Amino acid sequence: DAGVTQSPTHLIKTRGQQVTLRCSPKSGHDTVSWYQQALGQGPQFIFQYYEEEERQRGNFPDRFSGHQFPNYSSELNVNALLLGDSALYLCASSFLGTIGPGELFFGEGSRLTVL
Amino acid sequence: DQQVKQNSPSLSVQEGRISILNCDYTNSMFDYFLWYKKYPAEGPTFLISISSIKDKNEDGRFTVFLNKSAKHLSLHIVPSQPGDSAVYFCAARVSGYALNFGKGTSLLVTP
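If you read the sequences in order, they're chains A and B.
To get this note's numbering, take the position in the first sequence, counting from 1, and add 34.
To get this note's numbering, take the position in the second sequence, counting from 1, and add 15.
Everything labelled a hint here was simulated from the structure, so no lab data went into it.
Keep in mind the model is a prediction, meaning the values are calculated, not measured.
Just to be clear, a hint being listed does not mean it is correct.
What follows is a set of in silico ranges between Cβ atoms, one per label pair, in the way DEER data are often shown [what the hints assert, rightly or not]:
| id | chain 1 | residue 1 | chain 2 | residue 2 | range |
| --- | --- | --- | --- | --- | --- |
| 1 | A | Pro-95 | B | Leu-123 | 15 to 23 Å |
| 2 | B | Val-93 | A | Glu-87 | 38 to 46 Å |
| 3 | B | Ser-89 | A | Glu-88 | 29 to 37 Å |
| 4 | B | Pro-94 | A | Ser-61 | 43 to 51 Å |
| 5 | A | Glu-87 | B | His-91 | 26 to 34 Å |
| 6 | B | Lys-71 | A | Leu-117 | 22 to 30 Å |
| 7 | A | Phe-103 | B | Arg-32 | 43 to 51 Å |
| 8 | B | Ser-84 | A | Phe-103 | 19 to 27 Å |
| 9 | B | Ile-68 | A | Gln-90 | 41 to 49 Å |
| 10 | B | Ser-84 | A | Ala-72 | 39 to 47 Å |
| 11 | A | Ser-61 | B | His-91 | 19 to 27 Å |
| 12 | B | Leu-26 | A | Pro-95 | 34 to 42 Å |
| 13 | A | Leu-130 | B | Ile-68 | 36 to 44 Å |
Beyond 10 Å from chain A on every Cβ pair, some chain B residues (computed) [said to hold, decoys possible]:
| id | residue |
| --- | --- |
| 14 | Gln-21 |
| 15 | Leu-26 |
| 16 | Ser-27 |
| 17 | Val-28 |
| 18 | Asp-39 |
| 19 | Thr-41 |
| 20 | Met-44 |
| 21 | Tyr-51 |
| 22 | Thr-60 |
| 23 | Arg-76 |
| 24 | Pro-94 |
| 25 | Gln-96 |
| 26 | Leu-114 |
| 27 | Asn-115 |
| 28 | Lys-118 |
| 29 | Thr-125 |
Glycine included, C-beta positions come from ideal geometry on N, C-alpha and C.
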């Protein structure tokens, strides 16, 4: 049973460019959340998708957008990249019907470097 | 504003001894508190959680204590093993979806 898979694992972009990160949730999961982890910081919530709609959003600008597909996979798009966007981007999946919050599974992340 | 704080960036403990990792929070609306463990080049993995209506939860070598009046929780690992060496994140949730994470504490268990 594959867990949460993310691609690419590493990428380098320059300021002003756009990037798309991809995530496939764990089998049986229908909800995908994205987190940004800057160096030396804890993960920060970006947004969550369920049934192809954004359910909740953290304190991130509109340059950050996402999408969820019918097969529950998701993309994170960041436009007009800034140096401060350099971070590890983590995807986490869960099943909406889960009561406890512990059933949140993280992928290994996509390491984005903006030069 | 940081609602979940881990004030110790690092901790070193000898194998077999107790590791105590601490976490403070400011939001009294949090209904669940969790600890995640992260190895390099891996995503965080869930370790243990506690509901805000409880003051203790135990799972094998791991125990989490919650002191709501002090807005403080701690993770005890007994006995500590070298394989426990990792970054530990404290996280909390207001009823809903998003987790608020602390900055993490790097635990090193030495033989």
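Tested hints:
no.: 1; hint: Pro-95(A) with Leu-123(B): 15 to 23 Å; in the structure: 37 Å, violated
no.: 2; hint: Val-93(B) with Glu-87(A): 38 to 46 Å; in the structure: 44 Å, holds
no.: 3; hint: Ser-89(B) with Glu-88(A): 29 to 37 Å; in the structure: 35 Å, holds
no.: 4; hint: Pro-94(B) with Ser-61(A): 43 to 51 Å; in the structure: 35 Å, violated
no.: 5; hint: Glu-87(A) with His-91(B): 26 to 34 Å; in the structure: 41 Å, violated
no.: 6; hint: Lys-71(B) with Leu-117(A): 22 to 30 Å; in the structure: 44 Å, violated
no.: 7; hint: Phe-103(A) with Arg-32(B): 43 to 51 Å; in the structure: 49 Å, holds
no.: 8; hint: Ser-84(B) with Phe-103(A): 19 to 27 Å; in the structure: 46 Å, violated
no.: 9; hint: Ile-68(B) with Gln-90(A): 41 to 49 Å; in the structure: 23 Å, violated
no.: 10; hint: Ser-84(B) with Ala-72(A): 39 to 47 Å; in the structure: 32 Å, violated
no.: 11; hint: Ser-61(A) with His-91(B): 19 to 27 Å; in the structure: 34 Å, violated
no.: 12; hint: Leu-26(B) with Pro-95(A): 34 to 42 Å; in the structure: 35 Å, holds
no.: 13; hint: Leu-130(A) with Ile-68(B): 36 to 44 Å; in the structure: 22 Å, violated
no.: 14; hint: Gln-21; in the structure: 8 Å, violated
no.: 15; hint: Leu-26; in the structure: 16 Å, holds
no.: 16; hint: Ser-27; in the structure: 18 Å, holds
no.: 17; hint: Val-28; in the structure: 21 Å, holds
no.: 18; hint: Asp-39; in the structure: 13 Å, holds
no.: 19; hint: Thr-41; in the structure: 15 Å, holds
no.: 20; hint: Met-44; in the structure: 14 Å, holds
no.: 21; hint: Tyr-51; in the structure: 8 Å, violated
no.: 22; hint: Thr-60; in the structure: 7 Å, violated
no.: 23; hint: Arg-76; in the structure: 17 Å, holds
no.: 24; hint: Pro-94; in the structure: 24 Å, holds
no.: 25; hint: Gln-96; in the structure: 22 Å, holds
no.: 26; hint: Leu-114; in the structure: 7 Å, violated
no.: 27; hint: Asn-115; in the structure: 7 Å, violated
no.: 28; hint: Lys-118; in the structure: 5 Å, violated
no.: 29; hint: Thr-125; in the structure: 23 Å, holds
Checked against the numbered hints given earlier, the structure breaks hints 1, 4, 5, 6, 8, 9, 10, 11, 13, 14, 21, 22, 26, 27, 28 and satisfies all the rest.
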